[in-house]
Amino acid sequence: MAKGESPLKQFEIQPIIDINLFGLDISFTNSALWMTVTTAFILIFFTAPFLKSKKTNSVSDLYPSRMQVAAELGFSFINSLLSDTVGKEGKRYFSLVFTLFMFILFGNLFGMIPYSFTFTSHIIVTLALAMGVFIFVTVLGFVKHGVKFFSFFVIPGLPIYMLPLLIPIEIISYLSRPISLSVRLFANMLAGHTLLKVFAGFVSALGIFGILPLVFIIALTGLEILIAFLQAYVFAILTCLYINDALHLH
Amino acid sequence: MPQLEQVEFFISQLFWLGVFFVILFSVLTYITLPKIRAFLNKRDDFVRSHISKQDELIKKAESIIENYEAKLTEAKNQASQIINDAKDEALHESERLLKATEEKIQQEIKLTESRVQKEKEDALSELNTQLKDSATDFISKVTNIEKGNINL
Chain A
0 MAKGESPLKQ FEIQPIIDIN LFGLDISFTN SALWMTVTTA FILIFFTAPF LKSKKTNSVS
60 DLYPSRMQVA AELGFSFINS LLSDTVGKEG KRYFSLVFTL FMFILFGNLF GMIPYSFTFT
120 SHIIVTLALA MGVFIFVTVL GFVKHGVKFF SFFVIPGLPI YMLPLLIPIE IISYLSRPIS
180 LSVRLFANML AGHTLLKVFA GFVSALGIFG ILPLVFIIAL TGLEILIAFL QAYVFAILTC
240 LYINDALHLH
Chain B
0 MPQLEQVEFF ISQLFWLGVF FVILFSVLTY ITLPKIRAFL NKRDDFVRSH ISKQDELIKK
60 AESIIENYEA KLTEAKNQAS QIINDAKDEA LHESERLLKA TEEKIQQEIK LTESRVQKEK
120 EDALSELNTQ LKDSATDFIS KVTNIEKGNI NL
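Protein chains in written order, with numbering that gives the first Met the number 0: chain A, 0 to 249; chain B, 0 to 151.
Worth flagging that the hints you see were computed from the coordinates, not collected in a lab. Glycine included, every Cβ here is placed at the ideal spot set by N, Cα and C. Take the hints with a grain of salt, since some may be wrong.
Here are the simulated lysine-lysine pairs, BS3-like style, with alpha carbons at most 25 angstroms apart [unchecked claim]:
id, chain 1, residue 1, chain 2, residue 2
1, A, Lys-147, A, Lys-87
2, B, Lys-41, A, Lys-51
3, B, Lys-109, B, Lys-98
4, B, Lys-52, B, Lys-41
5, B, Lys-131, B, Lys-109
6, A, Lys-51, B, Lys-98
7, A, Lys-90, A, Lys-147
8, B, Lys-86, B, Lys-75
9, B, Lys-41, A, Lys-87
10, B, Lys-98, B, Lys-86
11, B, Lys-58, B, Lys-70
12, B, Lys-103, B, Lys-117
13, A, Lys-90, B, Lys-41
14, B, Lys-34, A, Lys-90
15, B, Lys-59, B, Lys-70
16, B, Lys-34, A, Lys-87
17, A, Lys-51, A, Lys-87
18, B, Lys-98, B, Lys-117
Reference listing, derived: stretches of chain B covered by chain A, where coverage requires no fewer than 3 residues with Cβ under 8 angstroms from a Cβ of chain A [what the hints assert, rightly or not]:
id, stretch
19, 24-30
20, 129-138
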């Protein structure tokens, strides 16, 4: 963190390996590197504890190890999230919500490591995720209900003369879902990391009084870790709610 | 802001996001999550089977307690029956003894009374003869008549 460096410099994409495929630049960048780290960590964290299958067939097989308990915690967390919002049918979309939540959560958390890169702080990444969810949910709605899916935009029990006003509003709110979903995550990550960097700049600038922004940074780091969890949770629970809407309309 | 300025890396970011998301999703769906689910199911099954076994054992224990209590009340009834019988028998026996003793005493009294009566009579008759003798003696002495000739 050189003096005078922009607080936004941390979000710069730096290519590590230049790759060009059919004229498209798909360079392996620092963003891709941290996606690799995140993916590898999630897969190891959740798979490794369950690979060693003890075959003693005794009761001790059933005692989970520490790592198994940790993995189970994540599993049952998403399980209860889905069953609370969607219900029994939600089990079919478990792996989608689980993947989304864990990918965003560990992407956010690894972004808290100094000198790392937060790929969720890029609007293109969060927008792609949100659009993915949006398209999936819309297709799901049409597959489940066919043309009746359009009745989703008609609020039941409303007087007829209100419909011309409210149907456009409903459609706009539906179409803005991916934008709100992606911007919420992106803006939270951007703001948090920028704020940390700005206050980090104060530490060296203020000399001995730099201790004050340093204390603030420590507290803020804790808050940022909370936000990393919270935003992943919000993304996951909104995905669940959208799935619920697509399955049950109103 | 690099997020909006580095447009040249949009394709790269989308590409790698797609790659890693698909890898993560596939491996989680087909390997990891089934493994976790199997593990949890195994434990749930174990717990469930033990709960049902426990219910069975509780039922068994309850039936045993019932059986025990039934037997206990039966035994208590029997015991009180035996005690009552014994009491009755004792009462009868003592009454019988009392009666027998009374009868014996009555008999003794009667016997004694008759003996006294007889002794009294004997004494009276003896007194009579003695009086007769004395009277005869006195008369013969006074009158000088031989005893054999005096007839009272």
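For each hint, the structure was consulted:
1. A:Lys-147 with A:Lys-87: holds, 22 angstroms
2. B:Lys-41 with A:Lys-51: With a Cα-Cα distance of about 15 angstroms, the restraint between B:Lys-41 and A:Lys-51 holds, given a limit of 25 angstroms.
3. B:Lys-109 with B:Lys-98: The given pair, whose Cα atoms are some 16 angstroms apart, holds under the 25 angstroms limit.
4. B:Lys-52 with B:Lys-41: Given that 25 angstroms is the threshold and the Cα spacing comes to 16 angstroms, the pair holds.
5. B:Lys-131 with B:Lys-109: violated, 33 angstroms
6. A:Lys-51 with B:Lys-98: violated, 96 angstroms
7. A:Lys-90 with A:Lys-147: Answer holds: A:Lys-90 to A:Lys-147 is near 24 angstroms, not above 25 angstroms.
8. B:Lys-86 with B:Lys-75: Cα-Cα ~16 angstroms, so holds.
9. B:Lys-41 with A:Lys-87: Holds, at about 20 angstroms.
10. B:Lys-98 with B:Lys-86: OK: B:Lys-98 and B:Lys-86 at ~18 angstroms, within 25 angstroms.
11. B:Lys-58 with B:Lys-70: holds, 18 angstroms
12. B:Lys-103 with B:Lys-117: holds, 21 angstroms
13. A:Lys-90 with B:Lys-41: Holds. A:Lys-90 to B:Lys-41 sits at ~18 angstroms (cutoff 25 angstroms).
14. B:Lys-34 with A:Lys-90: holds, 16 angstroms
15. B:Lys-59 with B:Lys-70: holds, 17 angstroms
16. B:Lys-34 with A:Lys-87: holds, 21 angstroms
17. A:Lys-51 with A:Lys-87: violated, 31 angstroms
18. B:Lys-98 with B:Lys-117: Violated, because 29 angstroms separates the two Cα atoms, which is more than 25 angstroms.
19. 24-30: Check passed, 5 qualifying residues.
20. 129-138: violated (count 0)
Hints 5, 6, 17, 18, 20 from the earlier list are contradicted by this structure; the remaining hints agree with it.
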